[in-house]
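**Student:** Note that the protein sequences, when read in sequence, are chains A and B.
First residue of the first sequence: 1, per this note's numbering; consecutive thereafter.
First residue of the second sequence: 292, per this note's numbering; consecutive thereafter.
Rather than coming from a laboratory, the hints here were simulated on the basis of the structure.
A virtual CB, placed ideally from N, CA and C, is assigned to each residue, including glycine.
Any given hint could turn out to be false.
To be verified - Covered, in the sense of this in silico footprint (three residues per stretch, anywhere, with C-beta under 8 Å from a C-beta of chain A), are these stretches of chain B:
(1) 359-368
(2) 445-456
(3) 480-488
What the hints assert, rightly or not - Straight-line C-alpha distance at most 30 Å; calculated DSS-like pairs for lysine-lysine:
(4) B:K411 x B:K363
(5) A:K163 x B:K363
(6) A:K90 x B:K443
(7) A:K90 x B:K438
(8) A:K163 x A:K198
Said to hold, decoys possible - Residues on chain B that point at chain A, a partial pick, calculated with CB under 8 Å:
(9) H328
(10) A400
(11) V401
(12) N402
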Amino acid sequence: MGSPKVLSRESVAAAEISLYNSVLRIKERHGLEALGIAFYDGETTLQWAYNADAPFHAASTMKLAVLLAVERQITRGELMGDAPVHVRNKFISIVDRRPYMLEVSRDGDPDLYVHLGRTMTVDQLAYEMITTSSNFATNLLVDVVGVPVIQRALQELNIEGIKVIRGVEDQAAFEAGLNNEVTANGLLKLLRLISDRKAYSAEASERMLQILLDQRSKGGIPAGLPEAARVAHKTGNISTVHHDAGIVYLEGRQPYVLVILTQFDASLSRSTAVAEISRDIFECVAGMTGA
Amino acid sequence: MEKEPGLKIVDAFDLDPEVRSLLKPQETAEGKDGRRHQLPRYFYEIPSHEAARDTRLSAHFGLNELLLVDLKEAERLRAYPRYVPCAVRILAFYLERLREAVGSPIHLAVNGGYRSPAHKLAVGATPHMWGTAADLYRIGSHVLNEKDTIEKYNRLAEETSGELWVMPYGHEIGKTDDHIHLDLGYVSLVPREMSEDRSELPQELPRFAFEERRRADRRLPIAAALAPGAAETDTPDD
Numbered sequence: 001m002g003s004p005k006v007l008s009r010e011s012v013a014a015a016e017i018s019l020y021n022s023v024l025r026i027k028e029r030h031g032l033e034a035l036g037i038a039f040y041d042g043e044t045t046l047q048w049a050y051n052a053d054a055p056f057h058a059a060s061t062m063k064l065a066v067l068l069a070v071e072r073q074i075t076r077g078e079l080m081g082d083a084p085v086h087v088r089n090k091f092i093s094i095v096d097r098r099p100y101m102l103e104v105s106r107d108g109d110p111d112l113y114v115h116l117g118r119t120m121t122v123d124q125l126a127y128e129m130i131t132t133s134s135n136f137a138t139n140l141l142v143d144v145v146g147v148p149v150i151q152r153a154l155q156e157l158n159i160e161g162i163k164v165i166r167g168v169e170d171q172a173a174f175e176a177g178l179n180n181e182v183t184a185n186g187l188l189k190l191l192r193l194i195s196d197r198k199a200y201s202a203e204a205s206e207r208m209l210q211i212l213l214d215q216r217s218k219g220g221i222p223a224g225l226p227e228a229a230r231v232a233h234k235t236g237n238i239s240t241v242h243h244d245a246g247i248v249y250l251e252g253r254q255p256y257v258l259v260i261l262t263q264f265d266a267s268l269s270r271s272t273a274v275a276e277i278s279r280d281i282f283e284c285v286a287g288m289t290g291a
Numbered sequence: 292m293e294k295e296p297g298l299k300i301v302d303a304f305d306l307d308p309e310v311r312s313l314l315k316p317q318e319t320a321e322g323k324d325g326r327r328h329q330l331p332r333y334f335y336e337i338p339s340h341e342a343a344r345d346t347r348l349s350a351h352f353g354l355n356e357l358l359l360v361d362l363k364e365a366e367r368l369r370a371y372p373r374y375v376p377c378a379v380r381i382l383a384f385y386l387e388r389l390r391e392a393v394g395s396p397i398h399l400a401v402n403g404g405y406r407s408p409a410h411k412l413a414v415g416a417t418p419h420m421w422g423t424a425a426d427l428y429r430i431g432s433h434v435l436n437e438k439d440t441i442e443k444y445n446r447l448a449e450e451t452s453g454e455l456w457v458m459p460y461g462h463e464i465g466k467t468d469d470h471i472h473l474d475l476g477y478v479s480l481v482p483r484e485m486s487e488d489r490s491e492l493p494q495e496l497p498r499f500a501f502e503e504r505r506r507a508d509r510r511l512p513i514a515a516a517l518a519p520g521a522a523e524t525d526t527p528d529d
């Protein structure tokens, strides 16, 4: 660790060309309709991107923005982490203002439903929203902080490319084409702020990081890494997208931040493309710095 | 009814300004139907969570069950000492009767008992602000989120007493699809120990010493005005 490692221009150029070719092969092999990648290495300050400003359906990566907004409110003293939230399965569609309920069986954490009618704290919900990707916890927190506050948090930190307009599983909104969107660069900016302890405060960043490190899903970026790697990340999956955005910690070096967004036809099942790209990036990093 | 809960009864006009401004005693609140109702003035003061838990309003209902709120309630009103309108005892009496009728435990939802006028769900006068409404999310093992179950228990509640009003099943505003709402309307209870005269002199046998001290402070100007030889002055409004 210490000051950034200086790489020769030639080795960087060679690595970029190699990565580009590899990524194109993966995209073709898996029949991806769209692919977006953003990468920043804290060890070398190397940045690399592919189609990184293209918007994708956010799926569950929008939960990173919700987490950021929760921490904003806590930092400002407008919300307490131990404040109780009524666990109620009733949400309002942004399209027609009609109420809708989430399906228990589809949630990342069905256990959350045993709390129906009772309360959970903001901290507990934030933890479940990220670590088990609970849609129920997410919608409860979106109700607590409100969509305008989520958007304001992103603006305050100059994070462009993330658009949050609603909670999750709002089917009427989905059918009307009203979706949360992310770009690879937008998510990269958000995660870099957390990694650099600059997302509102060092304490707030640390809290978010610890939650992200407890991520239960090991698909996506971690699947392309050595077992010893620790990844603070958030995946996002629906029938047509598979994303992962994370901070990768490897022994003896500064972390790198990686965002991989993939979109495919609904007739195809989720592929291993994200893990393969993660592996390529790791091998590239290892080749340059001996990680 | 059960025996006296043993909690201090307070006149909300005598509470500190912050709490008073949140409880809004005797202010008028307008319901969605345009009818106006006067908010309650007399409250039980609950010193601690343990007191709320240990205070039985009826055989099967503890006071704590009617105080469940989340962060939509004003932060000050979530902290002890907490306040609940005295009419909550009447509600407990009817809940007990309903429990007897259904033969199973009745579970109140969070935000389903007393809600202050400062609660974020308080968009208009609702009997929740009087402590005379209850939202039930579960009866026995039945989670109340299906039409048949809600309508079945709604009928049972209505048969329990003509005083109980139940919200019909439905998805629209004014209907419910994930709980049972029942209420007694806008009932205010005036405990026999309390005088409704806003300028009354201190009671001969003050029951609540702490309350008496503040009340005495408030009445000092009035007492002075009534003293022999005093000049005629305006009585300060509460």
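**Student:** Find the hints from earlier in the document that the structure breaks and name them by number, from lowest to highest.
**Tutor:** 2, 3, 9
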